[in-house]
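A.B. asks: Below are the chains, spelled out letter by letter.
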Amino acid sequence: VSRAQTLARLQTLLTRVRARARHAGEPGEVEEDSVPPLRDSDGAPAATPISSLPPIDLQDDGIPIATADLVSSRPPDDARADETRMRLANPASSVPPSDLREEETPIVADDVATVTELSLAAQSSAPPSRIGVDPIFDETRNDTLETSPADELTADEEAEDRAPASSRRPVAGLPTEPPLDQLAFDSEEPLPALHTPPPESGKVPAAPDITDYDRDLGDVEDQAEASQRTERAFDSAPEELVPETTHPTLDATVPVAQFVGQAAPFAPASFLALLDATLGL
Amino acid sequence: MTASAFDATRAIRFDLTEGSVRANGQDEPLVLVPSSALSSLLASGPAEAAETFGRTLGGAIGRRAAAEIDDLATTPIETFVTQLAGHAALLGVGSLSIERWGRALVIVLERSPLAALLLAPLVAAAIETASGRKVWSVLLSNEEGAARILVASQGGVERVRNWLTSGLGWRDALAKLQGGAA
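Chains B and P supply the protein sequences, listed in that same order. Just so we're aligned: the first sequence equals residues 12 to 292 in my numbering. Just so we're aligned: the second sequence equals residues 130 to 311 in my numbering.
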């Protein structure tokens with residue numbers, strides 16, 4: 012992919028983002044004038060207006076890092092991670108040449124245009140979803156979002172893609188949003204709906220008829236079959252009620268009564284004792 | 130002779146010269162009367178006359194039995210019954226025995242030639258005379274040649290009489306009498 016094609020795609024993506032932001036009409040809409048045109052030195056769209064920046068002496072130890080970071084407009088303090096890479100472009104770096112590997116050829120930054128071309132080349136090789144952000148700086152991406160206009164566009168785009176707070180409902184089964192680069196280059200189809208569509212008016216499906224309680228609950232019964240069986244049950248003539256008797260099982264051989272002691276027998280010793288007893292009746 | 134044995138030796142003395150019959154040791158003469166004649170007499174007279182006849186006859190039996198008993202308080206049942214039954218047999222009123230239904234005393238007269246109407250007063254008078262206690266009696270049954278007479282208090286006799294009149298069986302009446310006394 013040539014540089015021109017890449018830039019054209021980026022321009023297309025930017026146009027789409029602006030259109031969506033305009034369509035949403037939410038605060039944070041990106042104005043067209045506030046975004047600097049991305050054009051390179053040949054007049055083609057570029058990522059950042061590098062040519063408008065003043066030339067920086069790359070011989071200085073502190074400046075070259077900032078010069079290289081102008082592509083992503085990151086502050087010099089946040090660019091410590093790629094300091095090593097920038098040393099390649101600074102032959103007068105404090106790191107002695109002996110620390111560098113032999114195959115690494117120091118690059119003399121005597122021409123700003125050369126640095127610009129390198130930066131543009133790095134941008135074109137970077138994933139399109141990270142506009143103006145060097146892939147090496149992904150770890151410090153939060154810092155770069157504050158200052159990079161292109162990254163601001165990316166942040167705004169992410170904010171626009173989220174559903175408003177009033178309609179954020181968990182939607183199950185919806186496909187995840189395709190990546191932005193796929194939307195820009197490979198697909199023209201609109202995003203699927205983020206919200207659950209309202210139910211259609213009309214008949215509400217009846218609840219399933221559960222008439223056979225003996226079946227396993229996990230068994231999904233055909234509703235039509237269940238309805239037919241229910242109708243047959245109601246259509247059949249009522250049968251005569253017959254009681255179902257349940258008798259207890261009791262063991263009659265168990266000795267329930269227990270006799271303790273013995274009743275005093277009536278044994279009168281004399282006839283007069285017997286006579287007194289009978290007269291007592 | 131032990132107290133439990135009844136000695137009937139020379140208990141009745143027949144004086145054929147004088148034409149008299151006398152009991153052993155008794156001065157009162159006896160009259161041998163056919164039972165049918167006695168029954169006719171009792172049937173023709175009032176009920177009180179039959180009761181009086183029965184009580185008089187029973188008293189005679191009791192007195193003779195008591196004469197044979199040395200210590201009534203310590204006399205066993207068998208001894209008392211033996212003496213009483215022996216003197217009843219000498220007079221020809223039947224075979225006397227006793228049954229004890231719980232606390233109830235029942236006198237049994239078997240093969241008695243006397244009318245049933247005479248039996249209850251006869252038994253009561255014999256017991257009273259022999260024991261010296263006032264007793265009451267009621268005829269429970271007279272079947273198969275055996276008459277059963279209950280000896281009890283006046284109230285007990287009245288209740289049993291009412292139960293028998295109402296149709297209750299004599300055995301049930303005796304059982305009921307036991308429950309009421311408990």
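Hints in this document: simulated from the structure, not taken from any laboratory. All residues carry an ideal CB built from backbone N, CA and C; glycine is no exception. Where hints are given, some of them may not hold.
Covered stretches of chain P, as calculated for chain B (at least 3 residues, CB under 8 angstroms) [unchecked claim]: (1) 137 to 148; (2) 229 to 237; (3) 253 to 262.
Here are some chain P residues the structure puts well away from chain B; computed CB gaps all over 12 angstroms [as the list claims (entries may be wrong)]: (4) A172; (5) A178; (6) E180; (7) F209; (8) A275.
A few chain P residues that face chain B, going by a derived Cβ cut-off under 10 angstroms, partial list only [what the hints assert, rightly or not]: (9) V210; (10) L213; (11) G215; (12) L268; (13) V280; (14) A281; (15) G285; (16) V286; (17) R290; (18) W292; (19) L293; (20) L306.
A.B. asks: Hint compliance check: list the failing hint numbers for this structure, sorted ascending.
C.D. replies: The structure conflicts with hints 1, 7, 11, 12, 17, 18, 19, although it agrees with all the remaining ones.
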